[in-house]
Amino acid sequence: MSKLFPTQEIGSLKKPADMLKKVKDPNVSDEEKTKIRNDAAILNIKTLEDIGLDIVYDGEVRRVEMYEEPVRYVDGFEFAGRVRSWDNKYYNKARVVGPVAFKQNFHAEEFNFVKENSNRELKVPITGAYTLADWSYDEHYKSKDELVLALAKNVVRPLVKDLVDLGAKIIQIDEPAATTHPAEMDIFRESINESVKGIDAKFVVHACFSGNDYKALAPQMPEIKAQQYTLEFANRDTWNEGLDDDSRKGFQVLKLFKEHGFEGEIGIGVSDVHVNEIESPELIRDRILYAAKALGDPTKIYVNPDCGLRTRTREVSFDKIKSIVKGAELARKAAE
Amino acid sequence: MISSYTFGIYPRSEELIEATRKNTENLASLFQSETDGYISAQKNANLGFVSDPLLKWDDIYRPFSNLESVNLSSLNRIYEMNTFYRILSFDGPDFINGGNNVQSNLDSSLPKNKTVAIPEPFTFAERHTSKAFKTKEEFTINLAKMLRAEIDSLVESGFEIIQLLAPSIAYNKEVDFGVVSDALKVMTDGLKAKTILHTYFGDVSAKIESLLELPVSGLGFDITTTPASSIEKHNFSDKILTVGITNSFNTAIEKPQECINQVDEINAKTKPKESYVSNNFDLEYIPKEFAMDKISVLGEIARGAKDV
Numbered sequence: 001m002s003k004l005f006p007t008q009e010i011g012s013l014k015k016p017a018d019m020l021k022k023v024k025d026p027n028v029s030d031e032e033k034t035k036i037r038n039d040a041a042i043l044n045i046k047t048l049e050d051i052g053l054d055i056v057y058d059g060e061v062r063r064v065e066m067y068e069e070p071v072r073y074v075d076g077f078e079f080a081g082r083v084r085s086w087d088n089k090y091y092n093k094a095r096v097v098g099p100v101a102f103k104q105n106f107h108a109e110e111f112n113f114v115k116e117n118s119n120r121e122l123k124v125p126i127t128g129a130y131t132l133a134d135w136s137y138d139e140h141y142k143s144k145d146e147l148v149l150a151l152a153k154n155v156v157r158p159l160v161k162d163l164v165d166l167g168a169k170i171i172q173i174d175e176p177a178a179t180t181h182p183a184e185m186d187i188f189r190e191s192i193n194e195s196v197k198g199i200d201a202k203f204v205v206h207a208c209f210s211g212n213d214y215k216a217l218a219p220q221m222p223e224i225k226a227q228q229y230t231l232e233f234a235n236r237d238t239w240n241e242g243l244d245d246d247s248r249k250g251f252q253v254l255k256l257f258k259e260h261g262f263e264g265e266i267g268i269g270v271s272d273v274h275v276n277e278i279e280s281p282e283l284i285r286d287r288i289l290y291a292a293k294a295l296g297d298p299t300k301i302y303v304n305p306d307c308g309l310r311t312r313t314r315e316v317s318f319d320k321i322k323s324i325v326k327g328a329e330l331a332r333k334a335a336e
Numbered sequence: 001m002i003s004s005y006t007f008g009i010y011p012r013s014e015e016l017i018e019a020t021r022k023n024t025e026n027l028a029s030l031f032q033s034e035t036d037g038y039i040s041a042q043k044n045a046n047l048g049f050v051s052d053p054l055l056k057w058d059d060i061y062r063p064f065s066n067l068e069s070v071n072l073s074s075l076n077r078i079y080e081m082n083t084f085y086r087i088l089s090f091d092g093p094d095f096i097n098g099g100n101n102v103q104s105n106l107d108s109s110l111p112k113n114k115t116v117a118i119p120e121p122f123t124f125a126e127r128h129t130s131k132a133f134k135t136k137e138e139f140t141i142n143l144a145k146m147l148r149a150e151i152d153s154l155v156e157s158g159f160e161i162i163q164l165l166a167p168s169i170a171y172n173k174e175v176d177f178g179v180v181s182d183a184l185k186v187m188t189d190g191l192k193a194k195t196i197l198h199t200y201f202g203d204v205s206a207k208i209e210s211l212l213e214l215p216v217s218g219l220g221f222d223i224t225t226t227p228a229s230s231i232e233k234h235n236f237s238d239k240i241l242t243v244g245i246t247n248s249f250n251t252a253i254e255k256p257q258e259c260i261n262q263v264d265e266i267n268a269k270t271k272p273k274e275s276y277v278s279n280n281f282d283l284e285y286i287p288k289e290f291a292m293d294k295i296s297v298l299g300e301i302a303r304g305a306k307d308v
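Residue numbers (my numbering), protein chains in the order written: chain A, 1 to 336; chain B, 1 to 308.
Treat each hint with caution, since some may be false.
Derived DEER-like restraints, expressed as beta-carbon distance ranges [said to hold, decoys possible]: (1) B:269 with A:259: 45 to 51 Å; (2) B:75 with A:280: 22 to 28 Å; (3) A:239 with B:138: 30 to 36 Å; (4) B:75 with A:139: 26 to 32 Å; (5) A:238 with B:112: 35 to 41 Å; (6) B:74 with A:65: 18 to 24 Å; (7) B:75 with A:263: 33 to 39 Å; (8) A:263 with B:100: 37 to 43 Å; (9) A:68 with B:28: 29 to 35 Å; (10) A:91 with B:269: 39 to 45 Å; (11) B:181 with A:158: 53 to 59 Å; (12) B:157 with A:65: 39 to 45 Å.
The hints are simulated quantities; they were obtained by calculation from the structure and are not laboratory data.
For every residue, glycine included, the Cβ atom is placed at its ideal position computed from N, Cα and C.
Using the sequences and the hints given, assemble the complete structure.
Structure, rendered in structure tokens:
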């Protein structure tokens, strides 16, 4: 993108409460439910466009959540039941009971709809092979590596290829599990490379922060066939404005990426998705400017929240995105 | 035949999950009936010792949030699992007076042959924070004092085996076994019950010599992360050995005869003072129907294994 510091969303937004109520209502017809979902997607797309994001999608409004949605449409999986995330929060976890295989492009309808209803650049989020494997019970393959590669080659690659055939230009591969197992980064790298093999598109990898400050990821980044990483920085940064190292603690690791020879783009997380407080545009400006200097090339910096905003209210989420857009504008002016 | 037990938090049923989310009127009775069901399942499987399924516990540390000057803090990942616990912030020294936070959160209908699991102090200190102590060592020792009060209360009420859950000893590359030992001494000195230290979430092959020196009655191993071949290199004639044989991280149900052969082989080579089988870690990482099957299989393995 020719514009400096383009802004983008990571993927998920909280679903509108009235939409959830209606789509769960057995008295509402399937036709009406489709219309309700379409309306909710348009609401998200238009709101993100009106706020001023450069790259948009539909807030994953049609998806159950990032794991259960794809698993529903992949051969070889059976849901086992719910397992605790924390306290009274649970997620539905599946067993791999046979060879995994792609059945159909489960994001095709969603992508076609977004494409028809937006004239901005689109970034399609999909769940990566490593995370699908890590969050499942494997009763079929001999090893985790084997399952990860089978998912990459037989599920994610056909999905990506089909999305690109439909016109997708940017695909974000979501891999929240990747950094939780520092010893398994080799297979993570292979899974991404196998997922995108032979496909012409821009690939973005989104990985959450998990304790070791991306130190295990950094050496792999130049070897992974992704043009951009969208990563979390804000959740461990200070809320002080400023361009000094102490104020920008959360962004120190960018220097490590550079040391390891990574020359691609970074989508920097400038807004913490775990708190309701809204970062000021000035704070976001300083985070962007610091990151641009640390990475050594401002044209490689994209700006986004740390992660999906689905755990925040819609009001808080949109306020955070507004501040991101304003912060990026301030950073552009400062960089001129 | 050898003895057996399970440890840690059990999974809630789909019905109970829904009830906890909606806080339904029948929530309390559901908790009780499901607890009763799990206790019956352990008895029916002829497990040597029966444990409370801890269904009301949000994580293994949560009962300690009731202590003086202890506050709930942020969520943190349970090692490399996709499950999180709440960090406790020990903001003053008053918690040491502790007492019976574990005991008061256990079901009163447990049979006489009962066991319970509590965190081991090094792991506890490593996973939580304190503003009250200057060093991690000081924090660890004071947690041990608090946990000793809990153990005394548990032993007083008839618990014969106390499991000490020590995943950080397995997971962390660097472990100060001096601190671990000092803290365990505080907890076990003169205690009239057996203590078994369970390691999981990491390979302890290189730490077994140090583990054997610790002042506990026995050691428990997760053989999905610490290979049986590593355990078999050591002599357990002075220690109880618990083989964590059923895997709580996979829904595949173990084949009893294969497990019996494996346990017999480990015991033949290690010559333990006493032998037990257990799960490798909390059953809550698999849904209830699979956990029930694994309890049954665990009993079968214990019945089939040769006495030591």
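Each hint, compared with the structure:
1. As the Cβ distance of residue 269 of chain B to residue 259 of chain A is approximately 48 Å, the hint placing it in 45 to 51 Å holds.
2. Take residue 75 of chain B and residue 280 of chain A: their Cβ atoms lie about 26 Å apart, and the range 22 to 28 Å holds.
3. Separated by about 31 Å at the C-beta atoms, residue 239 of chain A and residue 138 of chain B satisfy the suggested range of 30 to 36 Å.
4. Separation of residue 75 of chain B from residue 139 of chain A is about 30 Å and conforms to the stated range, judged on CB atoms against 26 to 32 Å.
5. Between residue 238 of chain A and residue 112 of chain B the beta carbon distance is about 56 Å. The supplied range of 35 to 41 Å is therefore violated.
6. Taking the beta carbon of each, residue 74 of chain B and residue 65 of chain A are about 22 Å apart, inside 18 to 24 Å as hinted.
7. Between residue 75 of chain B and residue 263 of chain A the beta carbon distance is about 35 Å. The supplied range of 33 to 39 Å therefore holds.
8. At about 60 Å, the beta-carbon gap between residue 263 of chain A and residue 100 of chain B misses the expected band of 37 to 43 Å.
9. Separation of residue 68 of chain A from residue 28 of chain B is about 30 Å and conforms to the stated range, judged on CB atoms against 29 to 35 Å.
10. Checked against the given bound of 39 to 45 Å, the beta carbons of residue 91 of chain A and residue 269 of chain B, roughly 41 Å apart, stay inside it.
11. A hinted range of 53 to 59 Å holds for the C-beta pair residue 181 of chain B and residue 158 of chain A, which are about 55 Å apart.
12. In this structure the supplied range 39 to 45 Å holds for residue 157 of chain B paired with residue 65 of chain A, their Cβ-Cβ distance being about 43 Å.
Consistency with the previously given hints fails for numbers 5 and 8, ordered from lowest to highest.
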